[in-house]
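Asks: Chain by chain, the residues:
Number of protein chains: 2
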Amino acid sequence: MRKATRRSRDTYHVGNLAPQLLTAARELLEDAGPTRLSLRAVSERVGVSATAAYHHFANRSELLGHLAAKGFRELAAALRQPHTEASPLQQLRSACLIYFGFARKSPALYQLMFGTELSHEDMLPELTQARAEAFGELRRIVAGMRGADRDSAETRRAALAGWSYIHGLASLVIHEVMEFPPGTSDERFIDSTLQGFALLFPPSEDS
Amino acid sequence: MRKATRRSRDTYHVGNLAPQLLTAARELLEDAGPTRLSLRAVSERVGVSATAAYHHFANRSELLGHLAAKGFRELAAALRQPHTEASPLQQLRSACLIYFGFARKSPALYQLMFGTELSHEDMLPELTQARAEAFGELRRIVAGMRGADRDSAETRRAALAGWSYIHGLASLVIHEVMEFPPGTSDERFIDSTLQGFALLFPPSEDS
DNA sequence: ACCTGAACACCGTTCAAGT
DNA sequence: ACCTGAACACCGTTCAAGT
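Here the protein sequences line up with chains W and S, keeping their order. Letter 30 of the first sequence, counting from 1, is numbered 30 in my numbering, and no numbers are missing. Basically my numbering = 1-based index in the second sequence + 1000.
Among the hints, erroneous ones may be present.
As the list claims (entries may be wrong) - Restraint-style ranges between C-beta atoms, simulated for each label pair:
1. S:Ala1041 with W:Thr51: 32 to 42 angstroms
2. W:Ser192 with S:Met1123: 23 to 33 angstroms
3. S:Asn1059 with W:Ala78: 30 to 40 angstroms
4. S:Arg1188 with W:Ala41: 39 to 49 angstroms
5. W:Arg45 with S:Arg1040: 41 to 51 angstroms
6. S:Glu1121 with W:Ala153: 13 to 23 angstroms
7. S:Phe1180 with W:Ala78: 25 to 35 angstroms
8. W:Thr51 with S:Ser1152: 29 to 39 angstroms
9. S:Tyr1054 with W:Ser152: 49 to 59 angstroms
10. S:Ser1192 with W:Gly101: 39 to 49 angstroms
11. S:Ala1198 with W:Asn16: 45 to 55 angstroms
Said to hold, decoys possible - Stretch-level coverage of chain S by chain W, calculated; a stretch enters the list once three of its residues show a Cβ under 8 angstroms from a Cβ in chain W:
12. 1031-1044
13. 1067-1074
14. 1108-1117
15. 1186-1196
Treat the hints as calculated values from the structure; they're not laboratory data. For glycine and all other residues, C-beta sits at the position ideal for the given N, C-alpha and C.
Could you build the full structure based on these sequences and the hints that come with them?
Replies: In structure tokens, the structure reads:
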């Protein structure tokens, strides 16, 4: 007989509850958004009591922090492409596309990574490091473009400028502040705004 | 005798509850952050019942929407400076400083304006318009810099690129993704990242 | 017209208790 | 060691009722 009830004992003391909670949270994240993602809903999805999570995470913030850290690691991995021997501008374009695509594919995760939900007080070391790793990839790309040292102050500045630009653009689009032009590809959109920059910083044509 | 109790009847039927709620919300916003700002706390601060707000706003989202709209109007006003007859780059620098200063002075308001808390479904027309107004100021500034038409496609692209950059930079700083270098002025910081851009887009020095 | 109080369905989090 | 259930202090929101 033994009906498989909802509160199945299959998930009692399984031993790997933490990763299960994380993947459940990740699944719910894109539907609920980072603000409305609730610990209770995550627990219920796994089939576990509402308080079980507290034996694996200090609180909701910490679970979210692990989720964000995973996001930064994925972003870093996506950016860790082979050195294509293309022109500097092509490399910049390519990195922008990867970054922009990541944000567009997982907007809620991206919002979590860069948003208000992360309690900045007790930051997970894991998260701080994953974030630094992602920024490191940006520096590596920029250094390659310029044929310069990855850790020089100039490269850092250039990478921060690039990061600001692409993060701002992705942010404006996924928060629907700017409408993403319907019927346009990511490629065309990135190219268009990259052109916009050239207009903003005229390559010393007159004067 | 007539003690002035907390639930004072002074605030019963005053007639201007809506603006009072708005200013109370604005006051609480920077302490609580956009995510944790609660309608109940706002009502309590005004000295009114928890449900009174529903006679003036459809729900929490709408109140937040009005707050954000006010923020965009303030930002637009700050940007609406007289045309200083300076070099294009000086004008860009000046606009960036104003924008960056706004975000740094009211980080929670800025996060609300560009964040997840705004239910994008039923957007207030007021908010959409105030936002467009702010972007209009950016376009005006960029058009002035380039000596071009404010509504041309090129100016729009350049303005969007500029907006992406400064929004990204402000966003990274106020969300504490990038540490704002301690002991540095906004001026120095903006100049430094603006230089970073020059490095990213080399002014055609070598072929 | 404008506001209140009780009520409902949610939250995060704690704590004693169970296995 | 790992999980549960009851409980607490919060939420947003509704609705009938008061002025």
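Asks: For every hint, state whether the structure bears it out.
Replies: Against the structure, the hints:
1. S:Ala1041 with W:Thr51: 32 to 42 angstroms: For Thr51 of chain W against Ala1041 of chain S, whose Cβ atoms are near 26 angstroms apart, the range 32 to 42 angstroms is violated.
2. W:Ser192 with S:Met1123: 23 to 33 angstroms: holds (25 angstroms)
3. S:Asn1059 with W:Ala78: 30 to 40 angstroms: holds (38 angstroms)
4. S:Arg1188 with W:Ala41: 39 to 49 angstroms: Holds - the Cβ-Cβ distance for Arg1188 of chain S and Ala41 of chain W, about 46 angstroms, lies within 39 to 49 angstroms.
5. W:Arg45 with S:Arg1040: 41 to 51 angstroms: violated (29 angstroms)
6. S:Glu1121 with W:Ala153: 13 to 23 angstroms: 45 angstroms Cβ-Cβ, so the 13 to 23 angstroms window is violated.
7. S:Phe1180 with W:Ala78: 25 to 35 angstroms: holds (27 angstroms)
8. W:Thr51 with S:Ser1152: 29 to 39 angstroms: violated (59 angstroms)
9. S:Tyr1054 with W:Ser152: 49 to 59 angstroms: With Cβ atoms ~57 angstroms apart, the hint holds.
10. S:Ser1192 with W:Gly101: 39 to 49 angstroms: violated (29 angstroms)
11. S:Ala1198 with W:Asn16: 45 to 55 angstroms: holds (51 angstroms)
12. 1031-1044: It holds: at least three residues are needed, and the segment 1031-1044 of chain S offers 3 whose Cβ sits within less than 8 angstroms of chain W.
13. 1067-1074: violated (count 0)
14. 1108-1117: holds (count 5)
15. 1186-1196: With 5 residues in contact (Cβ-Cβ under 8 angstroms with chain W), the coverage given for the segment 1186-1196 of chain S holds.
In this structure, the hints that do not hold are numbers 1, 5, 6, 8, 10 and 13, in rising order.
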